[in-house]
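There are 2 protein chains.
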Amino acid sequence: MEVHMSQPLADDLGFLLSRASGQVVRATNSALAGHGLRVRQYSVLTLACQAAEGISQRELASVLGLDPSQVVLLVDELTAAGLVERQAQEADRRTRLVVATPEGHRVRETAREDADAAMETPLSLLGEAERERLRDMLTRIWTATG
Amino acid sequence: MEVHMSQPLADDLGFLLSRASGQVVRATNSALAGHGLRVRQYSVLTLACQAAEGISQRELASVLGLDPSQVVLLVDELTAAGLVERQAQEADRRTRLVVATPEGHRVRETAREDADAAMETPLSLLGEAERERLRDMLTRIWTATG
Chain H
1 MEVHMSQPLA DDLGFLLSRA SGQVVRATNS ALAGHGLRVR QYSVLTLACQ
51 AAEGISQREL ASVLGLDPSQ VVLLVDELTA AGLVERQAQE ADRRTRLVVA
101 TPEGHRVRET AREDADAAME TPLSLLGEAE RERLRDMLTR IWTATG
Chain X
1 MEVHMSQPLA DDLGFLLSRA SGQVVRATNS ALAGHGLRVR QYSVLTLACQ
51 AAEGISQREL ASVLGLDPSQ VVLLVDELTA AGLVERQAQE ADRRTRLVVA
101 TPEGHRVRET AREDADAAME TPLSLLGEAE RERLRDMLTR IWTATG
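Chains as they are written, first to last, in our numbering: chain H, 1 to 146; chain X, 1 to 146.
Treat the hints as calculated values from the structure; they're not laboratory data.
Do not rely on the hints blindly, as some may be mistaken.
[Claimed, not checked] Computed, partial: chain H to chain X, Cβ under 7 Å: (1) G22; (2) L73; (3) L125.
No residue lacks a Cβ here, since even glycine has one placed at the ideal position from N, Cα and C.
The following block holds chain H by itself, in its conformation from the complex (with noise of 0.2 Å):
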């Protein structure tokens, strides 16, 4: 009755991938819960501290592969817990951006160390090599179907 690695399922790179990539985010969810976040919030606040000037919410959607209104419900939650803001765009009023505040910059360097931390553990068996090939793997698998 044991579920062995033979199994069509889990030969199914599908399942596979979304089963390490489930472990990661577990592993990353338990590290940063100690800074109030979880690894979707701590993704959009990482890419608003990144962007000089704000990011759009259809941005942080593309980038994230995530639905529009599950961003929307990220950015309230940060802007709620005073991390990010919304702010209208100097060369087009029409379009706000969303933009870390001092505070969302502290507590994202904060989590920085404890999320990486984290993601290290399940990565750790594999080498140098390893990684970039995984990286430049997941980057096409990211790219033909962005």
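Model the placement of chain X on the given structure of chain H, informed by the hints.
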């Protein structure tokens, strides 16, 4: 304001893993919608179909990397749809096993081709040797944290 791949988050293997996995899950969910299934339900159904004598909810949680409470919900949904049943195990009447019904086997066979095709799209840029390497690395990530 464009987010370039050279930025930290996009270099991050955990992020790439989650993004690539999300692409595959979304493509597969779309393909499965016509069969009234989502990816996780399909995974539970597949494992139930593969286990001749059925599979326990504890095993399902372990193989799928889900919380037991999530598995109970998925099995409830599949039971309500008439695709699986909970049956008492022969050897130990206290352990109940999830067993696919004849209708469950039929639906899974019908859904399988569409699910496989959907999964194929994002993976189509990888050659056979690369798939093998990816499969190997993902299995090791899984094993490292299982």
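These are the hints, each one checked on the structure:
Proximity of G22/H to chain X holds as hinted, the smallest CB-CB distance being about 5 Å (cut-off 7 Å). A cut of 7 Å between beta carbons decides the hint on L73/H: the least distance to chain X is about 16 Å, and the hint is violated. Hint on L125/H holds. Least Cβ distance to chain X is approximately 5 Å, under the 7 Å limit.
When the structure is compared with the earlier hints, a violation turns up for hint 2 alone.
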